[in-house]
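Read off the chains here:
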Amino acid sequence: MPFLLRRLLRSLALLIGVSFLSFLLLDLAPGDYFDTMLLNPQISPATVAAIRSQYGLNRPLPQEYWSWIRSIGRGDWGYSLAYNLPAAPLIWQRARYTLLLSGTATALAWIAALALGIWSSARPHSWIAALVRTLEALLMAIPELVLALSLLLIAVWSGIAPAAGASSSISALQPRSLLDLARHLLLPCLSLALGLLPLLLLHVRSSMRQALDSPFVNAARAYGIRPARLLFRHALPVAANPLISLFGLSIGLLMSSSLVTETVFSWPGIGSLMVTAILDRDFFVVVDCTLLAAIFLLAGNFLADLLLFLQDPRVRAS
Amino acid sequence: MRFLAVSANAFPLVLALLPFLSRTENGARFQTSSETHPPPAQFVAEPGIPGGTLVISSHSEPKTLNPLLAVDSSSRKITALLNADLIHINSATQQTEPALAESWSVSDSGRRYLLHLRHGLRFSDGSPFDADDVVFSFRAYLDDRVQSPQRDLLITAGKPIRVEKIDPYTVAFSLERPYAAAERLFDGLAMLPRHLLENQLQQGTLRSAWNLATAPQAIAGLGPFRVASYAPGQRIVLERNPYYWKSDSRGTRLPYLDRISVVFAANTDAEVMRFEQGETDLIENLDAQNFALLARRQNAGHYRAVDIGPGLEYDFLFFNQNAFPSEPFPHLFERQKWFRETQFRRAVSAAIDRDALIRLAYFGRADALATLVTPGNRRWTDPAIPRPVRSLENARRLLSSCGFSWASDHSLLDPARNPVRFAITVNAGKPQQVEMATLIQQDLKDIGIQVDLDQIEFHTFMDRIFSNYRYEAAIIALADGDADPNSEFNVLSSTGTAHLWQLKSAGPIPKWQAEIDQLLDKQLITQNYEERKAIYNRIQQVVWENMPMICLVSPHILAAAKNSVGNFHPAILGDPALWNADRLFLRP
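Taken in sequence, the protein lines are chains A and B.
If you're matching positions, the first sequence starts at 878 in this note's numbering and goes up one per residue.
If you're matching positions, the second sequence starts at 71 in this note's numbering and goes up one per residue.
Fair warning: there could be bad hints in the mix.
[What the hints assert, rightly or not] Looking from chain A toward chain B, a few residues come up when the C-beta cut is under 7 Å (computed):
id, residue
1, GLY908
2, TRP969
3, SER1083
[Stated by the list, open to error] Computed spacing ranges between beta-carbons, pair by pair:
id, chain 1, residue 1, chain 2, residue 2, range
4, B, PRO120, A, PRO922, 30 to 36 Å
5, A, GLY1036, B, ALA285, 34 to 40 Å
6, A, LEU977, B, PRO312, 33 to 39 Å
7, A, LEU977, B, ARG320, 44 to 50 Å
8, B, ARG209, A, PRO1020, 51 to 57 Å
Honestly, the hints are just simulated from the structure, not real lab data.
In this text, a Cβ means the ideal position worked out from N, Cα and C, and glycines have one as well.
Required output: the full structure, derived from the provided sequences and hints.
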């Protein structure tokens, strides 16, 4: 219990730090959402000043920060200057799409990494292992943006899958939404999963290799234990610790890893909302998105710690 | 009715591989098969076929459905389809025409307007529309708590326009002083349903009304469409308003389309991809590069790409002539001596190769500009002003005439023998403006001026132009929402809020500026078109002679639609391809 409480208090302090820093940095950045209004001669500078004052943009930073903290308590999470709405519903609507995309991509990447990593480390001199190593190096070398753009170009040229959005323009009018959603998910999900795969593969392979080369596995092998049992019953639990930490990190990045992919594929998630909010200086939405990403990161780490605690008796003992 | 054609949403992530798609087979970058086709002065609509869903795209989602607050182009695109105004500016003719008001009259003093409303009109929820709704709408636009962007437009000589109900179908408007283009004020002012919004106006919560979380049933307008559904970050679907009042020449009720589905894309490149994939039927506000791609493939793609020539946007270079109490940053005081010299500005203009700007920055899809009135503004452009042509000889002559000279290494020296060097600040999110700045840098090198480029992010750019004035020269684009000269008032008047080169002045203004101010005031109250035209021609002449702003180019309006879209006739006013949305139809 003290372990849990300590972790929670530390997480809370971190979140306050992250949110205050976000506030400070955004406050220091030049301009605000109402800048574009200045260039519309229909609107006098006095009107723009009145609107700014109405939204409390001319208040001192601590006052603004305190008002935002209070709005968190109310469940509003501040106010979107662009949408004239409390920020919370705006963010939740999009967070679902981000979780769908990054959750599916992360699951796919883990399944592929575990299968390929375990296979190639069990047979390090086979042609499959060589192929996996080549694929890993190739994917590691391709930047995320180039990967996404390449998939996008393939989609445009071949028409195999929709190039943008989360559903077809008319799907709202037809009862085929799930299949349609799956088709739209294909490319962004593939792009994200292929971006994540080499890192996971590298870690799975090296952890498994280390475990398989350890003296106790060699001894077990000498005792004639079957290769499958050796691999899954003896080597895998030993290799699991670093992988659990990595799993926690990948859960933590669910909310923030898809920013580029979402923008390239016009995916209606939190990434594209955040990019627009940053460019528009939609103050509270940017802070909220940053905070949400930080919450996921802390939750991911916490989950990893918990799993390690349950899995490894040495951690429990310490 | 002008807004800056710089977008805060222009995400710098340009799909890097797409330029390959837009090049021609032999690698030439701008030649396309599509010629420029200026829109006809009169648009005769083809009788359409009712039914179908038109799918279009928008480079961002609307931020609000409340016409009182809509300022961004995406929100305005949607609210224009949902609402109607009393008097409307026809995008094809650029002149006013009856809309919700079937006729109007003006008093002899030019200060009182009497508008007669059409009978039997209904909002999209079936409620009747009458003079009470008009009075309510103007109360809402003028309310202090709403702070509508249109509010300032309805205040003349410091006093708000007075609105009075004469009878259920007649409304009187009184202005504090005569206003030449008063009837154009009514264009774009959506008439609102009193029965739905009066409580919110009284409670002071009208600013938060009709946002994207509002149920479609709670929104009603007098436009051709009404909201059917909204999917956050994906699309908004509009359905035909069954109570819309217009019919075609055969008596068929408009609009023809059953629905318009507006899908949101991350940027213009993504919009083009969706169009190419056949997901959308129509695309507007294309940039020249994407237009080249579509024009090249239009025969195979079963669509047509249309270039209707220059719109009302004008890109220009201007120098910082703001007055400062002390030196704001190194060398500006010294350099402002050059910037305030008319012959220097004219020399810079003469050295700029506008044809190269058009060829390289706009792939041939722009026109050279002498003043801020573009060739697209048919009623007000002055044909007597010559098209600017590059002349280095003329530039050198102008510089010599005001004491500039050249060092042995051909660099230009001012009368105090200081080398002439300045920086041009540009919004990095506008690639065409960055490219123009680079070309101007090369052009001015030919007369010995060293130009530095300062590419900055949009909000920093705005901060420098409007708040701290930390720049030497800048390139910007302004675009008129209306062709009338009054929309230039704030740019040209020395006290205007968009008088960008001198937002802060001290001491007497130059004679030519005083003349512009006087002429602007005069045209404001001159009712006769010929007289106003003569005044405005003189204003353009003074601008051309003194060049407070060095006008560069006016980009063309570019759009494309599938061949199945009927009555697709882009225009330069309003939303280029949707201005006649009620008459668009789909061929089987």
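How the hints compare with the structure:
no., hint, result
1, GLY908, "3 Å, holds"
2, TRP969, "10 Å, violated"
3, SER1083, "33 Å, violated"
4, PRO120/B - PRO922/A: 30 to 36 Å, "48 Å, violated"
5, GLY1036/A - ALA285/B: 34 to 40 Å, "37 Å, holds"
6, LEU977/A - PRO312/B: 33 to 39 Å, "37 Å, holds"
7, LEU977/A - ARG320/B: 44 to 50 Å, "48 Å, holds"
8, ARG209/B - PRO1020/A: 51 to 57 Å, "56 Å, holds"
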